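Protein chains in written order, with our numbering: chain R, 1 to 488; chain D, 1 to 474; chain C, 1 to 324.
No lab work stands behind these hints: they were computed from the structure. Predicted, not measured: the structure shown is a model, and the values here were computed from it. Glycine is no exception: its CB is placed at the ideal position from the N, C-alpha and C atoms. One or more of the hints may lead you astray.
Here are the simulated distance ranges between beta carbons [unchecked claim]:
1. D:Asn286 <-> C:Gly44: 30 to 36 Å
2. D:Gly396 <-> R:Asp25: 38 to 44 Å
3. R:Asp25 <-> D:Gly466: 29 to 35 Å
4. C:Glu21 <-> D:Pro294: 55 to 61 Å
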Amino acid sequence: MAREFKLPDVGEGVAEGELVRWLVDEGDTVTEDQPVAEVETDKAQVEVPAPVNGTVRTLHWDEGDIVPVGDLFVTFDVEGEAPEPADDEEATEDEGESDEAAASATSEASGRTFAPPSVRKLARELGVDLDSVEGTGPSGRVTEGDVRAAAEGGEEAAEPASESKSATQRVSGDEPASAGGAAGGQEAAGREKTLAAPATRGVARELGVDINDVPAVEQREGEAFVTAEAVQAYAEGGQAAQGEAAAGGPDREFAEGGETTQPYRGIRRTIGEAMAESKYTAPHVTHHDTAVIDNLVKTRAKLKARAEAEDVKLTYMPFVMKAVVAALKEFPILNSELREAEDEIAVKQDYNIGVAVATDAGLMVPVVKHVDQKSMLEIADDMNELVAKARDRSISREEMQGGTFSITNFGAIGGEYATPIINYPETAILGLGAIDERPVAEDGEVRAAKTLPLSLSIDHRVVDGAEAAQFTNRVMEYLSDPELLLLE
Amino acid sequence: MVVGDISTGTEVAIVGAGPGGYVAAIRAGQLGLDVTLVEKDAYGGTCLNYGCIPSKAMITASDVAHEAGSAEEMGVYADPEVDVAEMVDWKDGVVDQLTGGVEKLCKANGVNLVEGRAEFAGGDKLRVVHGGDGQGSETIEYEHAVVSTGSRPIEVPGFEFDGEHVIDSRQALAMDDLPESIVVVGAGYIGMELSTVFAKLGVDVTVVEMLDDMLPQYGEALTRPVRKRAEELGIDVHYGLAADSWEESGDGIVVAAEDEDGDTTEFETDKVLVAVGRQPVTDTLNLEAVGLEPNDDGRLETDHEGRTDVENVFAIGDVAPGPMLAHKASKEGQVVAEVIAGEPAAMDYQAVPAAVFTDPEIATVGLTEDEAAEQGFEPAVGKFPFNASGRALTTGESDGFVQVVADEESGFILGAQIVGPEASELIAEFGLAVEMGATLEDVASTIHTHPTLAEASMEAAEHALGHAIHTLNR
Amino acid sequence: MSENLTLVQAVRDGLRDGMAEDDDVLVMGQDVGKNGGVFRATEGLYDEFGDERVIDTPLAESGIIGSAVGMAAYGLKPVPEIQFSGFMYPGFDQIVSHMSRLRTRSRGRYTLPMVLRAPMGGGIRAPEHHSESKEAFYAHEAGLKVAMPSTPHDAKGMLIASIRDPDPVVFLEPKKIYRAFREEVPDDPYEVELGEAAVRKEGTDVSVFTWGAMTRPTIEAAEKMEEVDVEVVDLRSLSPIDFDTIVESFKKTGRAAIVHEAPNTGGLGAEIAATIQEEALLYQEAPVERITGFDVPFPLAALEDYYLPEPARIAAGIEEAFDF
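Bound conformation, chain R alone (with noise of 0.2 Å):
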């Protein structure tokens, strides 16, 4: 039977391809999967597998055509099957199989799935339901594959991390405590074991302390031990004589071994000054999110060796830093500058973001000038120059320069979250923790994706807390999405 196939979507939304050249004669025989075609979009070159097990009847187009997406492209012999139109089997970056694929006319007739004892036992095994895989088997079959393929395609494509999904987790450590009457006290101790006698801890409890927060002096049978007086000097807040010792008790030693020292100045000194002019001038919040980006992790992948052709090493950075253009376009006051002294925030008009690369000689900042009016690959021509230059000193003060946002790359050695410092006088900065598979909850299943945490720390003199998680949410809008960034 004749089983017409037509040119499916090559990917990226595209409308049609060019046929580069055909992979198959009239003729051949082929097996599920073998590559019949390769075509060309202006995106990528694909390769467009057969659909069926089968021969090759017909091959509708000559190498050179532009073939729209949907058109008639190959028909196939197949043994026992109906001609079905072929907009099931998807090109190599489609997620999971289409299961509404119509069923063969055996199926519709009785309602009937055919399929061997074994294959039934594995569908059962596997949670599938038999009725509702397509089998590919002669006349219509269910095969152990088709039932493997169908409890692996259920799972849905990788969505954009919407903004209700993902937790913020927040982490200000300039809140003050706002623990009752201990404030400008002792600190909580916060043990998880504390022995005490249990008048003690009726007192603690009336009094509203947590036993594991009263500092200990004492100790009895290892463990940290506390009185009723204690906890009441604790509950008043006073100066009480309790000391500060922490959980370890009074027996912490001091290294006796002596010390060695180093100079604190040149670039060590420079950047520690700029740290701490920066962080103790603005009040420093950071806002940590992770992106879900297994689309991203696909299309740099894909276009990785495309930029090789020009030469240009393509890495992450790019697309995070034009995510990050489009997302300050949208909310302009992080790309901005507080000057106290006139009383004015200037929100700048250039989008200069500048990368942390660590040196040798420490933090440096080289800036790519206007990254707006760039294109990718110039970006990555860019970064990957300013980065050399930094790298073996032969960097200008001009290069690290004009910066209007900043974007640091630890995750780059390792790690998740951190609080990075501003860059001053930006109003935020963009921390980039390790892209790594990390289990991701949708819709009440667990699953491995390659996810990017980020940590946005924002001067909340100039930006809330909502405004930086807005922006946030839009970078790893297109982080998730990277297509979103072909309409900016």
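Place chains D and C on chain R using the hints.
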């Protein structure tokens, strides 16, 4: 036990050790469950002790006697002497071997065997009354219970079984000496199998059947060879007659049967065997205690896992819906054991084969042509007569045919019907084909050994495809 | 090699192994010989070892126990059985005046290597006297060891340890669970040391101490509780009590509950609560909860289920300890 009631705890309590129960027990034991199997009579149930096995043994023995004495065509002359008591002894030996085997298999798989009659006592408990000179009764506390109590012969009013004049199939297979004549009420598979046995052993057999055909669920084409043979064996079959009453008369009895107009026919005979069907055994279980009730057919409704309306109570075999067949019970026993053990098992079989061990045998699996059409298929049918089969001719048994039913469009085999020599064995190939979702092409293009009866299966498939070699294609 | 046995089968197995390895071990009691024991605990022993080592006695508890004391004093190792622990009372004098004291009385010249076995506890719908749980009486008597296994594996191991012990052991068998479940029990003799508790379930929020037939409902309650992480300790021996394990558990959690079917007042729950606060007062975060039988004679069958602690009542008690 002196005072008090100490429950024995178990994970799975199975009531009835027939082909459903003992298979469930062995499988559950294999899966590491703590199983207790309760049986009030004999391990192996009706099938092993009073049904399938003894009847097939007697069929074979009576066949041997009959064939030896009627093989002159082949140049064999003999007049065999038959000692029925010895035949029955041999049959009993076969049964004992099998039931002993069941007991051994159960013990080897860690199954705890309890002899007695069980009934539900509420609260996940069974009360078992020990038979014989056992110690009264005991309580079994179960996590899961499986009801596999099987079925018993239906008693016709007026024909209560007395073991002497009015007998059931079980008693019929235990007779040490045969009567000169016998009336068999019911021309179903039990009635016809036993009639054939008696006829071959020289008994004058009269069959009285209420409907107008024997083995009515198989259709005229399949029963014709059997009817023909019955006539040849001297079995006198009367249709449209319902057995009404009997009374003693001289040394024997007289059985009176009525037709639909009310006219009576009388049959003088020595004994009457009543084989009008079987009914599920659920009335001895005190099902109310566990909140269950049999449906109108007397069965316990179950889902595809064998579970009843009560979550931890399962039913299999003749007490559950479906054909009353031992292999169906065994399959259900396996599934239920696996479900209890937490495996993703289910009754998802596509077809249950059935066989009648008459002469010739009948066997079917899956859909008939009519059933296939009803279900929306376009049926393709292929048929191969045994008189075109070389092997069949060499056995002297060439009456009958193999018929296969498939879906015209896809070629999927939907069913098969066979009447003829070894039908009960040959049907297995089609059972596999139906389960696998095999097509006519698959069977037709598989090389079958020559010369065998099984070639007829291949040729029937070829016939459906229009290219059989040894018979004319339509 | 091992076999899946019920608790009473494991007792039988332990008796058999004990008798096989030492000719001085003998079994005596009502119906233990030809009848094989009313609970089948001595089934087959009469056939294997004969009537000089498996002795059917008259219905006379004082005589049974007293004779055993005499036999033990002179070098035999008798394992007398009292058919129900509630019938030990007629022989109580023999137990507390002699069985427990002969070592002291003789300054160590005589010890009594005897094991007094009795099925104990309720839950079998029996009439009066047949459901007693008075392990506290015997734990209170110095000079006696008291054992109460709750699993088949422990039953055989502790019985063999008791038979081999040179001092007297009161071996109480919770008959409700005689056949409740099966467990793998090694064929060869082995010991489970007396005086050692077993942590049946580890946890960090509340320690629950229990023994006998109450172990199973306690574990059931503990496993069902979602917010509370419960640790369950099966004492197994009631004299000596393994206070090391108990205190270690209590120091971990700071909260305790005790479950026993014996009546509340004077039950061993009180002993444990007292010792806990002696040894670990500073760790205590809540009062010790006791979930027990009531201070009434054990009721008849119809009310039995209200008397015995069951998972719902046990969980409620644990909740109390947790919420304090």
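Hint numbers the structure violates, sorted upward? 2
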